[in-house]
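Engineer: Residue numbers (our numbering), protein chains in the order written: chain A, 1 to 217; chain Z, 218 to 680.
Treat each hint with caution, since some may be false.
Said to hold, decoys possible - Mimicking DSS-like on lysine-lysine, the simulated pairs with C-alpha atoms at most 25 Å apart in a straight line are: (1) A:Lys58 / Z:Lys232; (2) A:Lys94 / A:Lys58; (3) A:Lys58 / Z:Lys353; (4) Z:Lys353 / Z:Lys255; (5) A:Lys95 / A:Lys133; (6) A:Lys58 / Z:Lys260; (7) Z:Lys619 / Z:Lys600; (8) A:Lys192 / A:Lys58; (9) A:Lys58 / Z:Lys613; (10) A:Lys133 / A:Lys58; (11) Z:Lys600 / Z:Lys530.
Because the hints were derived from the structure by calculation, they are not lab data.
Now for the letters of each chain:
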Amino acid sequence: MASYSPSPRGIRSKEHRYVSACLTCKDLANCGSNGLRTEFDGAIPSRKPKMSRRDFLKVMGGASAILAAAPFAVAKQYLIPPVPTSFQPVLIAKKQDVPVNQSLIFWFPFTTDPTYTNMLIHLPPDLASQAGKEFVAFNRTCIHLQCLVSFLSSSEIIGCPCHGSIYRPTDGWPIAGPAAEIGRYLPNVQLKIDGDNIYAVNINLDDIGYGNTSGPE
Amino acid sequence: MISAMGIQAGQSKGKSPVQLLIDWLNQRLERTIFMGLKFTLPKKFVSPLGFLGFLTFSVFALLGISGALLMLYYSPIVIFNTATGAVTSPYDSVSTINNSLAFGQALRNIHYHASNAMVLLAVAHMFYQYFSGRYKLRYEVLWVTGIIIGILTIIEAYTGYDLLLNVRGMLAINIGRALARSTPIMGPEAFRLMAGTGLADLILRFYAVHVFIFPMIMILIMMVHFPRYLVLDIPVVSMVAGIIMVIGGLFPVELGAKFIPTAEAGITMPEWYLTGMYAIIRTGIDKFLAGAVIPMIFVVVFLIVPFLDTSRKLSVRERPFYTALGIAGLAQVALTTVWGFRANDLFSGLDSIPQLEINPYIFFGTVIFVGAAAYAGTYLWFKATAPPPGTRPTRKQFPIYKMTTNEWRAVVIALLGFQILFDIYSSQAFLQGFKNVLLLQIGVGLIAFGTLVHLYRIGADSK
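The whole structure should be built from the sequences, with the hints applied where relevant.
Structural biologist: Written as structure tokens, this is what we have:
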């Protein structure tokens, strides 16, 4: 370890500052692990060590700048507005509007983006008995690359026109194509059937274009 | 790595890596436009009157930031549904910003009060430079470009407050496009240029002008207008920003009533920088004369002053004619601006429509009288207070209290504590939805920051 020689620049030199800081510690033995310390045991300079004026100013000025800028952090909520998690039920169709093995496309919950279009499917009897219900609704955004999928009544599947992903109409599970590789359910729209009226009740917006692992109900 | 950056070994000795990086960057910035401007960071308090121009620019920058954020939600779309009577208007999006978005009302407040501050600072800057003779001695280009930026600033502010499409904005739009149409010969073209085929086009045009076209033209002219030496006074700049926010907290910007074409509208005033013109229009004289010729006379007088006053004298006393002319102009601006808010009789408030029409003889008589009185008064004041010949004017020295080290340390720590307290308060205000209190407290925090930076520079310099 090199021996200490007082810096020609005096009090502002780094070594001196370090040592001064050390000497302000009450317990010298636990005051950092720098080798310089041992050489200074007992060699307390006569000048009373304290934080230099410039260091004090730098710390205070920096802290003040941070404190002045801090309240603007709330502007984040302005830039990224929160998205609502539940919505007012919307009447989307009457039962007789959607014949068996047909579908109907509706907007929910917003009309600002095509990814908010969904399809209401009136399942044919065999699929309906598998699914345990007559009407199902899924978001139309493919979980692969967000093209809009459709219900194909001739083959009773949900198909994506971009890369050939195929979903099961009963629960939205991908059975073929790139979406099957991803293996997540097409987001479903919760429905409420009141007499003849079919209402869209809720959808998890975070799942749109991404899918979920739980499937309907 | 440092040596690869091209710094010679002798220079890099004993410097921290951060300092070396800053040096390296500084040397490379020599190749860019930024080094053409010389910024001075004053080491002690200097009068803000000397750098009102840079303060105006700082507020312009604040307007740019707050305006850009407002653009995220503002929608310049106007649709009148004639079947249902429903009006889709930019007012709805402004209302969303104001009422539904976190920090939206604060941003509107900052944008509105900063616009007032910019007009005020620009006018103050102009008159300060005028009275200190800074339009002559090769400053002519700076002066003329300054006047142009000043006019653009007012038009920019005008297009801004129209974009809300509240009752007040609609009133200003109506007057503005009627004035454009009253232009001789090219009136119909000027009208179409401004309004397109109707209100929806007009709002879209005003929007384009407000957010892009005029700011770009202003920045281009500013490149000519900026002198090479600029004073960047962080304490005063942050205090100006703080004061804007405090005023925003105390006098929050209003949304006004939504403009509905089928509804009645009450009397609404234009913004204060247009009430002078509004008062002239209210006299009922020819529209083009009131809205363009008379304001232009005022502008042209100021524009040609540097080419008439070619003496090398700078002090107000040594060029009494131009000082008196400036004071007369200032008095007339003040009078007409106040009268715009008042009834036909200057001494009573405006509360009914019949009070709007001002008698032109009384109005212009008063304006001319006030101008002449201010002009004569300046001469009389100079005569009465003339220093005896041969003496040099002495400057008053303000007593300066010098703080001891312990005192300023205590003040700095107290200010920091104050800032912490106000940060806690403002976060509370934000959580509880006290929008005005929030802005007020942020402003107070900024003023405390400015004060602290001022103490910083005193402390860093004193022994």
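Engineer: Sort out which numbered hints this structure fails and list those numbers smallest first.
Structural biologist: 2, 3, 7, 8, 9, 10
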